[in-house]
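J.: Take the given structure of chain A and dock chain B to it, following the hints.
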Amino acid sequence: DSGVTQTPKHLITATGQRVTLRCSPRSGDLSVYWYQQSLDQGLQFLIQYYNGEERAKGNILERFSAQQFPDLHSELNLSSLELGDSALYFCASSGPQWASGSNEQFFGPGTRLTVL
Amino acid sequence: DAKTTQPPSMDCAEGRAANLPCNHSTISGNEYVYWYRQIHSQGPQYIIHGLKNNETNEMASLIITEDRKSSTLILPHATLRDTAVYYCIATLSGGYNKLIFGAGTRLAVHP
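Protein chains in written order, with this note's numbering: chain A, 300 to 415; chain B, 165 to 275.
I should point out that these hints are in silico values taken from the structure, not numbers from a laboratory. Note that the structure is a prediction, hence the values are computed from the model and not measured. Note that beta-carbon positions come from the ideal geometry of N, C-alpha and C, so glycine has one too. One or more hints might be untrue.
[Unchecked claim] Distance windows between CB atoms, simulated:
1. S205(B) x G327(A): 42 to 50 Å
2. P171(B) x I359(A): 28 to 36 Å
3. L256(B) x Q343(A): 12 to 20 Å
4. N218(B) x T314(A): 29 to 37 Å
5. N376(A) x L256(B): 22 to 30 Å
6. N221(B) x L415(A): 40 to 48 Å
7. A355(A) x T169(B): 36 to 44 Å
8. T314(A) x T220(B): 46 to 54 Å
9. P307(A) x N217(B): 37 to 45 Å
10. R180(B) x E381(A): 30 to 38 Å
11. A177(B) x P307(A): 38 to 46 Å
12. P240(B) x P369(A): 40 to 48 Å
For reference, chain A alone in the conformation it holds in the complex:
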């Protein structure tokens, strides 16, 4: 158990709909990362938040957005869903050892999104 929780575990929805994925980082971790894993694209970095502020952006579609709240949990919002958005979505967190420490990221169990 990594200490990172994600809800829901599974989500089945229809094209055009909007969903919200939730992530709670490990206690004390300030950074939250979102990754998408689809069969044809592999694991791709989407976006990162650090202590409530967006820190880095990857290949995140404009239909997707995220935020990190004051209690450090994060939500990933996916809208106007398409069949190709079906994937595993992972959240990861990393600790405050940002000066010279490890970039060890702790991953949650993921949310499996199926768009029909």
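T.: The following block gives chain B in isolation, referenced to the frame of chain A:
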């Protein structure tokens, strides 16, 4: 982040050492080598990382060549539970750096 190259698949007999190579010839001086693994569809799991010295922890050993252009992850006594996709990533250290995953090496440990 420097690009890394790994063989797509490897086999290993249970109880033997598994040596997983990684090429990172364009790595910069301040980039570390990180190894993660993903068992089936679980979230990736951190294994080990290093800058230029060899490193060992309870899971594995990491051997980095002197020129830092390649490294080898060693699982000393592979078990069936080590069957997974192993990812080698070159990136800056620090708590706010994204991970860029390649295709990794699919390691199959067989009885």
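J.: Can you give the numbers of the hints that this structure goes against, from lowest to highest?
T.: 1, 4, 7 and 10
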